[in-house]
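Student: Residue numbers (this note's numbering), protein chains in the order written: chain A, 820 to 1074; chain B, 1492 to 1890; chain C, 2 to 288.
Keep in mind the hints are simulated off the structure, nothing from the lab.
Please note that a few of the clues may not be correct.
[What the hints assert, rightly or not] Computed Cβ-Cβ distance ranges for the label pairs, DEER-style:
1. Ser266(C) x Ala1648(B): 18 to 24 Å
2. Phe937(A) x Thr4(C): 32 to 38 Å
3. Asn1806(B) x Arg875(A): 46 to 52 Å
4. Ser208(C) x Phe937(A): 55 to 61 Å
5. Ser878(A) x Leu1797(B): 53 to 59 Å
6. Pro974(A) x Arg1815(B): 17 to 23 Å
7. Asn1806(B) x Phe937(A): 30 to 36 Å
8. Ala257(C) x Tyr1512(B): 39 to 45 Å
9. Ala172(C) x Ser931(A): 24 to 30 Å
[As the list claims (entries may be wrong)] Subject to a maximum C-alpha distance of 27 Å in a straight line, what follows is the list of computed BS3-like cross-link-like pairs (lysine-lysine):
10. Lys891(A) x Lys849(A)
11. Lys1510(B) x Lys891(A)
12. Lys1662(B) x Lys1624(B)
13. Lys944(A) x Lys1624(B)
14. Lys828(A) x Lys992(A)
15. Lys838(A) x Lys828(A)
16. Lys944(A) x Lys1510(B)
17. Lys849(A) x Lys944(A)
18. Lys947(A) x Lys1683(B)
19. Lys929(A) x Lys1658(B)
20. Lys828(A) x Lys849(A)
21. Lys891(A) x Lys929(A)
22. Lys947(A) x Lys891(A)
23. Lys275(C) x Lys891(A)
24. Lys891(A) x Lys944(A)
25. Lys929(A) x Lys846(A)
26. Lys929(A) x Lys944(A)
27. Lys1624(B) x Lys156(C)
28. Lys156(C) x Lys30(C)
29. Lys947(A) x Lys1817(B)
30. Lys30(C) x Lys1624(B)
31. Lys828(A) x Lys891(A)
These figures come from a predicted structure and were not determined experimentally.
Note that beta-carbon positions come from the ideal geometry of N, C-alpha and C, so glycine has one too.
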Amino acid sequence: MSNYLLETKNLSISFGGLKAAQDVNLKIQKNELYGLIGPNGAGKTTVFNMLTGVYRPTSGEFFLDGENLTGKSAIEINRRGIARTFQNIRLFSNMSVIDNVHVGLSNQSKCSIFASVFRFPSYYKTEKDLRERARALLDVFGLDEERRTVASNLPYGKQRKLEIARALATHPKLLLLDEPAAGMNPQETAELMENIRFIRDHFDMTVLLIEHDMSLVGGICDELTVLNFGTTLAQGSVSDVLHNPEVIRAYLGDE
Amino acid sequence: MVIKMANSKTSEKKNNHLKYYFNYLLVGVFFLIFFILDMTMGLRTSTTQLLTKIAYSIILATSLNMIVGFLGELSLGHAGFMCVGAYIGCFCANFLHTVIPSPLIVLIIAMMIGGLVAALFGFLIGLPTLRLKGDYLAIATLAFGEIVRTIFKNLSAFGGAQGLPTKRYDKSLYIIAFLIVFITLFVIQNLKRSKHGRAIEAIRDNEIAARAMGINITYYKLIVFIIAAGFAGIAGVIYGHLVTPVANTFFSFNYSIEILVMVVLGGMGSITGSIIASTLLTFINVQLTTQLSGDMAALKYLIYALILIAMVLWNNAPALSNVREKVSLHHLLAWFNGKFSSKKPEKDSQTAVENAVYLKEEADWKKIPTKIPMDSILSTDIKPDRTTEADKPEKSSKQ
Amino acid sequence: MSTLINGLCLGGIFALIALGYTMVYGIAKMLNFAHGDIIMIGAYAIITTLSLSGNTIAAIIAAIIICTVLGILTERLAYRPLRGASPLAVLITAIGVSYLLQSIAQLIYGAQSIPVSIGSFGAVSVFGLSIPISSLITLALCVIIMTALTLFITKTKVGIAMLAVSEDRAAAQLMGVNVNMIITLTFAIGSALAAFASTFYLMQIPSATPTLGSMPGIKAFTASVIGGIGSIPGAMIGGILLGIIEKFALSIPALAPYTTAIEFSLLIIILLVKPTGILGKKRREKV
């Protein structure tokens, strides 16, 4: 019995002949902030897509809390406890901010369609409960004031935060963040770091994040894995990895 | 500032309630006016027929709007579901008339059967075809509508090409039809304002994200198709009690488009819009059919075509988004407020709030320790790459 | 046997229409619902010029010009403003255009069918079966057009630009391809093909109504889906296959009334089982 929350064993995928990810082995402990970095096209988002059921791995397996989730559908994986954000923001753009979070929360309440249509007491109870939880979540990210705004009208940084809030709403064990700081200014990034730490501490969350912003990675991650051309280049604590000559070469090229 | 915000909140809430009941009110007042007229002085049969037509048009348009506006898929086979309901429901009614003396009870049972069978068809056609998307789903539903029509046309039990003779209901059919309109509104609006409705809209807005949120896409798509088909079927039964015989030619692709025109004119996703548009178009349609003879009847389709093109261009053309913004209701209201309120709007509350958050952000920022100052080495030319990887998941899910 | 030949004749027309569909779908990524109605307009153009001039060739040329202009016009006025909008919006507009053309034609020419004779070429007798020459020409023309289109797309600069637009519009734009021009050109070619289709349609069925194009249009779409949408040879194969199926279904009394239902069921089955169609291989030839 492993004591890792997420464990991947030789996770690989190839498209046609292209090996987009090869033998990726991640071991993430509970409550850890884990970073996945690497140059463009290194296969980071591909790993996320495998972990969330968008792609089915060609070979290898992954386990969440000891449970094998390989090959499960995206819906199933989310229900088992992996939630994610997207590199290119994928909000429900015509819906209000609070409704976006509502959608994330919706699997945690039982209220049948019949009960909803005929307004049984369970409907009112569910709606009240959902609303309160959604507002509490939005509060964490400072979005409660704008809860009625249509999501696509939010400024960019807040859209990213809303995506995180929405992912958290599905009550995951593991949160995958795909470049959460992309397009943010330094102040927004800094606040985001604070948010991520807060999530980890207060929601007892484990976070795996892809990031290019090294100040963010260096600032909050406990451990890192560096991917390059689909293979693992380095793995370990932040300072070890970032001072690894191979890593520096991969990023800055041979000199 | 705080007081002002509190005020705006309560008014928002009121607005919401108003919006919620507005559609009932709209239909209710419309119905009551005619009902009272009917009770006091009696309406002509042509008027009650028009009212019944309006009622089933509203049912068709709102139920199609569930598919087009809320789910975001195009169905070109709505008349097909109506066809199933009309034929099956009226076929049962013809039989029931021999057993049950009360035409009202027969009508109610026929509507239930017609609605259920149409819903079953919604399920059967939905189960396989909902794996399709966009253009393909639209074509598949079109094909479905034509298949249903062709089959009924050739079954001698249903009257073949001559159509199924039905027993017409008396003048009061419009009252029952409007009751069904209320039931339709009740179901669709309540569904929309629940977690299930939000899930459906989430699928419309971003299917991949909805899936990542654990939303069961197929389940909700099926539900929408079943409910929409069921109501279309009930509308068909009402039609069958107004017009005899029930002929397959009525349910052609053209009629599906006519319903679509109502939805598009009213605004996709707006129930109020569907109600108003279907009332107006049905009225105009009846007028045109009586006024125009022969080839001039094509004017009707010319108008439909122009409505479709103009509305879609107006609502969707990227180039018009600025103009749209300017004449939007929201903007007009703001302009109206600005023009007529005595107080000059002080600095926008939004920016004030933002400023407050901003200040807090700065404060927090200073608190954050950075373990290793890596920015100097590594944050150089690594830019987030949004275009290349962005579409990958989408492509894979299509295959 | 004669059913097979009749099927081939009809299939040739379907194939011609399907070629236009598949071109536009492959490159502009939109289902041009009005394609069938452009054929209808072409038929009326032929009738009008024929009655004015009496010259068949002039009539056909006039139809080609009118259809091409019409194709360009609809693209510019109705579809281009929606570039970047949701596919749903584009599809609804296309349906609108289809209705617009139909109702205009009805207002001008009336709903009654107008008979026309553009001279058939007679028939040849092979193994005791008479085959109308016009059908042979239709089929031959299909093959010629198919080959020409394939060559055009793979060998010429403009054709390669079309391929690029079909693959990735944004990237093509970045590479300096004038995407708008390419799409307009696609519509122009597709509509010119429609004019050919109307000519051969009138040779087989010598009368025109405002709704002439809608059923063949939808059936041709079915054909292009069966063949694999976006694939030029696929459109041809699908068209001919569908023509043969239709004629065979019509020749069996028990099935004849259900012909349309059979064809549409086939469409739904193909969409479900193999949405990429017959020639829809992984590396299919994309237009």
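Student: Give a verdict on every hint.
Tutor: Hint check results:
1. Taking the beta carbon of each, Ser266(C) and Ala1648(B) are about 21 Å apart, inside 18 to 24 Å as hinted.
2. Separated by about 57 Å at the C-beta atoms, Phe937(A) and Thr4(C) break the suggested range of 32 to 38 Å.
3. Range check, Asn1806(B) to Arg875(A): Cβ separation about 39 Å, and the 46 to 52 Å hint is violated.
4. Roughly 57 Å separates the CB atoms of Ser208(C) and Phe937(A), a value that falls within the hinted 55 to 61 Å.
5. Taken as a hint, the range 53 to 59 Å holds for the pair Ser878(A) and Leu1797(B), whose Cβ atoms sit roughly 57 Å apart.
6. As the Cβ distance of Pro974(A) to Arg1815(B) is approximately 21 Å, the hint placing it in 17 to 23 Å holds.
7. About 33 Å separates the C-beta atoms of Asn1806(B) and Phe937(A), a value consistent with the hinted range of 30 to 36 Å.
8. Between Ala257(C) and Tyr1512(B), the C-beta spacing of about 54 Å breaks the proposed range 39 to 45 Å.
9. Range check, Ala172(C) to Ser931(A): Cβ separation about 47 Å, and the 24 to 30 Å hint is violated.
10. Proximity of Lys891(A) to Lys849(A) is assessed by CA-CA distance (about 22 Å); at most 27 Å being required, the pair is judged to hold.
11. Our distance criterion of 27 Å between C-alpha atoms is broken by Lys1510(B) and Lys891(A), whose separation comes to about 42 Å.
12. Taking the CA atoms of Lys1662(B) and Lys1624(B), the gap is about 43 Å. The hint is violated against a cut of 27 Å.
13. Among the hinted pairs, Lys944(A) with Lys1624(B) is inconsistent with the structure: their alpha-carbon atoms are about 35 Å apart, more than 27 Å.
14. Taken as a hint, the Lys828(A) and Lys992(A) pair is honoured in the structure, with Cα atoms around 19 Å apart against an allowance of 27 Å.
15. A distance of roughly 16 Å separates the Cα atoms of Lys838(A) and Lys828(A); the hinted pair therefore holds under the 27 Å criterion.
16. The suggested pairing of Lys944(A) with Lys1510(B) holds, with an alpha-carbon distance near 22 Å, which does not exceed 27 Å.
17. Proximity of Lys849(A) to Lys944(A) is assessed by CA-CA distance (about 33 Å); at most 27 Å being required, the pair is judged violated.
18. For the hint pairing Lys947(A) with Lys1683(B), the CA-to-CA distance comes to about 16 Å; that is within 27 Å, so the pair holds.
19. For the proposed pair Lys929(A) and Lys1658(B), the alpha carbon gap of about 45 Å is over 27 Å, so the pair is violated.
20. Between Lys828(A) and Lys849(A), the direct Cα distance comes to roughly 17 Å. Compliance with the 27 Å bound is thereby established for this hinted pair.
21. Taking the CA atoms of Lys891(A) and Lys929(A), the gap is near 23 Å; set against the 27 Å cutoff, the hint holds.
22. Simply put, Lys947(A) and Lys891(A) have alpha-carbon atoms about 32 Å apart, too far for the 27 Å limit, and the pair is violated.
23. For the hint linking Lys275(C) to Lys891(A), the alpha-carbon distance of about 24 Å falls within 27 Å, and the restraint holds.
24. Between Lys891(A) and Lys944(A), the direct Cα distance comes to roughly 32 Å. Violation of the 27 Å bound is thereby established for this hinted pair.
25. Straight-line distance between C-alpha atoms of Lys929(A) and Lys846(A) comes to about 34 Å, which puts the hinted pair past the 27 Å bound.
26. Under the criterion of a C-alpha separation no larger than 27 Å, the hint pairing Lys929(A) with Lys944(A) is consistent with the structure, at around 10 Å.
27. Annotation: proposed proximity of Lys1624(B) to Lys156(C) is violated, straight-line Cα distance about 33 Å (limit 27 Å).
28. Between Lys156(C) and Lys30(C), the direct Cα distance comes to roughly 22 Å. Compliance with the 27 Å bound is thereby established for this hinted pair.
29. For a cut-off of 27 Å, the pair hint linking Lys947(A) to Lys1817(B) is broken: about 36 Å separates their Cα positions.
30. Between Lys30(C) and Lys1624(B) the CA atoms are separated by roughly 14 Å; this keeps the pair inside 27 Å, and the hint holds.
31. In summary, the hint linking Lys828(A) to Lys891(A) is supported, as the alpha carbons are separated by about 16 Å, within the 27 Å threshold.
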